[in-house]
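> Chain by chain, the residues run as shown.
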Amino acid sequence: DVVLTQTPSTLSATIGQSVSISCRSSQSLLDSAGNTYLYWYLQRPGQSPQLLIYLVSNLGSGVPNRFSGSGSGTDFTLKISGVEAEDLGVYYCMQATHAPRTFGGGTKLELK
Amino acid sequence: EVQLVESGGGLVKPGASLKLSCVASGFTFSDYWMSWVRQTPGKTMEWIGDIKYDGSYTNYAPSLKNRFTISRDNAKSTLYLQMSNVRSEDTATYYCTRVWYFDFWGPGTMVTVSS
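Residue numbers (the working numbering), protein chains in the order written: chain A, 1 to 112; chain R, 1001 to 1115.
These are computed hints drawn from the structure, not numbers from a lab. Remember, predicted model here, so these are calculated numbers, not experimental data. All residues carry an ideal CB built from backbone N, CA and C; glycine is no exception. One should not assume that every hint holds.
[What the hints assert, rightly or not] Below, in silico cross-link-like pairs of lysine-lysine (BS3-like), each with a Cα-Cα straight-line distance of 27 Å or less: (1) R:1013 / R:1052; (2) R:1043 / R:1076; (3) A:112 / R:1043; (4) A:108 / R:1043; (5) R:1043 / R:1065; (6) A:79 / R:1043.
[What the hints assert, rightly or not] Chain R side only, calculated, beta carbon under 8 Å to chain A, not exhaustive: (7) 1055; (8) 1101; (9) 1102.
Here chain A stands alone, though its shape is the one from the complex (with noise of 0.2 Å):
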């Protein structure tokens, strides 16, 4: 199975401070047809995850533009420019290129 190592596990951040999260991959994630299925999470204390990016870099729906994705191959990164109260909680990578789907083990974002 792919594994995503995703650092680091814990972030400390302040209100309005830049901050970013790397996943990256035991194999590349670009598939044959030249797409990669790399996706980001937020998982906001007692809720279930939501969906921030697909494939890479695209914003999900009624995400806030300061959510950025990038990468390509193994390594890829999440940014958030200006972080605010709401975007604490954990954040996840996932690959959907290789079966079964995986998930990294999470990065905790909290208030310094």
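Based on the hints, put chain R in the right spot on chain A.
Chain R alone, transformed into the frame defined by chain A:
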């Protein structure tokens, strides 16, 4: 508004069977593949499997395919997860979600396997 609501969780003994349900609303259920994902108490996320929009095809995580079965009833807009011979490591919150982007998730139903 898209809604997914899981039910059927609870406390079960090792070796027992359990069937979870997920009722969908706010979209044409029969147009979408659906999936089950679980989250352990340690917050690890694990994909369980998918089912095609018409129920004609299913795909499972290899480690679970012998014990878990996904089915659906499009007339009832309901997704199911049949769990058999459950083990302590199946203790988790179980979510249904819409494929392919996992763009909507239910609130989850908690399953605890313990004697």
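> None of the hints should be skipped; say for each whether it holds.
Hint by hint, here is what the structure shows:
With a C-alpha separation of about 31 Å, the suggested pairing of residue 1013 (chain R) with residue 1052 (chain R) is violated against the 27 Å cut-off. Simply put, residue 1043 (chain R) and residue 1076 (chain R) have alpha-carbon atoms about 31 Å apart, too far for the 27 Å limit, and the pair is violated. A C-alpha spacing of about 22 Å is found between residue 112 (chain A) and residue 1043 (chain R), which places the hinted pair at or below 27 Å, so the restraint holds. Distance hint between residue 108 (chain A) and residue 1043 (chain R) is fulfilled; the C-alpha atoms sit about 11 Å from each other, no more than 27 Å.
This hinted pair checks out: residue 1043 (chain R) and residue 1065 (chain R) have alpha carbons roughly 22 Å apart, not beyond 27 Å. Straight-line distance between C-alpha atoms of residue 79 (chain A) and residue 1043 (chain R) comes to about 22 Å, which keeps the hinted pair within the 27 Å bound. Interface restraint check: residue 1055 (chain R) against chain A, minimum CB-CB distance 20 Å, threshold 8 Å, status violated. Of the supplied interface hints, the one on residue 1101 (chain R) holds, with its beta-carbon coming within about 5 Å of a beta-carbon of chain A, less than 8 Å.
A hinted interface residue such as residue 1102 (chain R) counts as satisfied when its beta carbon comes closer than 8 Å to some beta carbon of chain A; here the least separation is about 6 Å, so the hint holds.
In the structure shown, a violation is registered for the earlier hints numbered 1, 2, 7, in ascending order.
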